[in-house]
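Undergrad: The lines below spell out each chain.
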Amino acid sequence: MMALLLRDLRLATRAGGGFGLSLTFFLILVTLVPFGVGPEGGRLASIAPGILWVGALLASLLSLDRLFALDHEDGTLEQLATAPLPLEAVVAMKAIAHWLTTGLPLALIAPLLGVLLNLPVAAMPWLALSLAAGTPALSMIGAFGAGLTVGLKRGGLLLSLLVLPLYVPTLIFGAEVARRGAEGAATGTPMAFLGAITLGTLALLPYATAAAIRVNLR
Amino acid sequence: MSIWEYANPKKFMQTSGALLPWAVGLSVLMLTVGLVWGFFFTPDDYKQGSTVKIIYIHVPAALMAINAWGMMLVTSLIWLIRRHHVSVLAAKAAAPIGMTMTLVALFTGAIWGQPMWGAWWAWDPRLTSFLILFLFYLGYLALWSAIENPDAAADLTSVLCIVGSVFAFLSRYAVLFWNQGLHQGASLSMDRAEHVADVFAYPLWVSIAGFVLLFVTLVLIGTRTEIRARRMQALLAREKLD
Amino acid sequence: MPDLGKYALTVLSAYGVTLALVLALVAYVLIRAGRVKRALAEVEERATRHG
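Here the protein sequences come in this chain order: Z, B and D.
Residue numbers for the first sequence follow the working numbering, so the first one is -11 and each next one is one higher.
Residue numbers for the second sequence follow the working numbering, so the first one is 36 and each next one is one higher.
Residue numbers for the third sequence follow the working numbering, so the first one is -8 and each next one is one higher.
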């Protein structure tokens, strides 16, 4: 299991693996927002937690359609499916690898980008914390979408359509934590829901994803 | 006599063919009676004026939007467990109907809310949940069209339906939390059929019955079409081998 | 037509949109049903001819 994780981490961080792409996309998006809504500081500050959450969410989507596609193309996926390690565990490892190379870096860089959007300093640790707690769910849900669409040629767009509605609960609670952090209000409740969703998806979605991959390998 | 007899496509076609004229007749009857009664023969509400008449289309459509997805969930589970093609084809047939009902609920909900909210759309928890449900229907139908192999498509869309149902449930509560905090009441108070006065409730129940029968009729027709389409695909595949 | 008062446009547009959407749905279901039924008949005829 560890070997698989390390392999996927290496694949993601080498050139062409998409590691820097998500971070760059996040930066570009945050840069575009003021051009869209105007540079007025107060307005930027009030939308900053939400924009940063949506931006991290979209950036996390970028490398998802390749999650299983590369292994599928060269036949590795079939070997993994019939290997002694359960496919569910393989799926979970891939999702975690995706998180380590996408979600976690996004969570760490978000407060820095928040400076560009006048994010209140009080919100910064809460933003990073909520993203760190929520992005694993995004990776796991994304893995599910990737499993459904692994055989398809132009699967990326369909994957986004399938996965984005599933992101709504995580987005709602995650952004709420960041917003409340900015106001100095209590963040316990949304944080608890956020954590529950992440743990639930990590526990249950590997089964659905593995089932989908088996269907696609038939 | 067990319901599983109808899992046999031939038996289903026979029975649905016999039932169809009745289904059509009854749905037309109930819809006409319910809507005519509600539109022409009920008074105005002292708070909402004549807009209360929208209840006879908004509430049934909203109920069907949710129940259609519920039916898809059950039939998808039956497909995954017992592999009856009729079941998953019924789910596939129900999806466009549920999606249209969701659209009707969204449009009528927004139009009804406009005099109250002063805007054509408001992120009211109920309407927002229906918008998310609409996206789920879209995704389900998009996946059906994207996968070429019919049995693979059936399996994948069924898994999507089940996972989607869990998230739809989660979203409902997340959206409530997002807009109003977790334990406050519905905003369109007329939505709850139980809280409605009798003079409005009776035509409402007839309209609801009409929409349910419309759904059943269209699902019967749609499933018959899907069964025929599947048979045609099998014959065409055999033709290619000859 | 009952007196809809100041909400006439609201109520009528709600009913109008509903009618349009439901008719479009019924049309879609019926037209697709007819098309598939005819296509199947054609394919079945070919199959019985070639035995």
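Since the hints were derived computationally from the structure, they do not count as laboratory data.
The C-beta atom is built at its ideal place from N, Cα and C for all residues, glycine as well.
Warning: the hint list may mix true and false statements.
Short, incomplete list of chain Z residues facing chain B, as computed with Cβ under 10 Å [claimed, not checked]:
(1) Phe7
(2) Leu32
(3) Ala33
(4) Ala71
(5) Phe132
(6) Pro153
(7) Thr197
(8) Arg202
Covered stretches of chain Z, as calculated for chain B (at least 3 residues, CB under 8 Å) [to be verified]:
(9) 36 to 48
(10) 155 to 163
Undergrad: Take the hints in turn and mark each one as holding or not.
TA: Evaluated hints:
1. Proximity of Phe7(Z) to chain B is violated relative to the hint, the smallest CB-CB distance being about 28 Å (cut-off 10 Å).
2. For Leu32(Z), the shortest C-beta to C-beta distance to chain B is roughly 21 Å, which exceeds 10 Å, and the interface hint is violated.
3. Contact between Ala33(Z) and chain B, as hinted, is not supported at the beta carbon level, the nearest pair being about 20 Å apart and thus beyond 10 Å.
4. With a least beta-carbon distance of about 22 Å to chain B, the hint placing Ala71(Z) at the interface is violated under the 10 Å criterion.
5. Interface restraint check: Phe132(Z) against chain B, minimum CB-CB distance 7 Å, threshold 10 Å, status holds.
6. A cut of 10 Å between beta carbons decides the hint on Pro153(Z): the least distance to chain B is about 4 Å, and the hint holds.
7. The criterion of a C-beta within 10 Å of any C-beta in chain B is met by Thr197(Z), whose closest approach is roughly 9 Å, and the hint holds.
8. Checking Arg202(Z) against chain B: minimum C-beta separation of about 9 Å stays under 10 Å; hint holds.
9. Counting residues of the region 36 to 48 of chain Z whose CB lies closer than 8 Å to any CB of chain B gives 0, so the stated coverage by that chain is violated, three being the minimum.
10. Remark: the region 155 to 163 of chain Z is confirmed as covered by chain B, as 4 of its residues place a Cβ nearer than 8 Å to a Cβ of that chain, reaching the required three.
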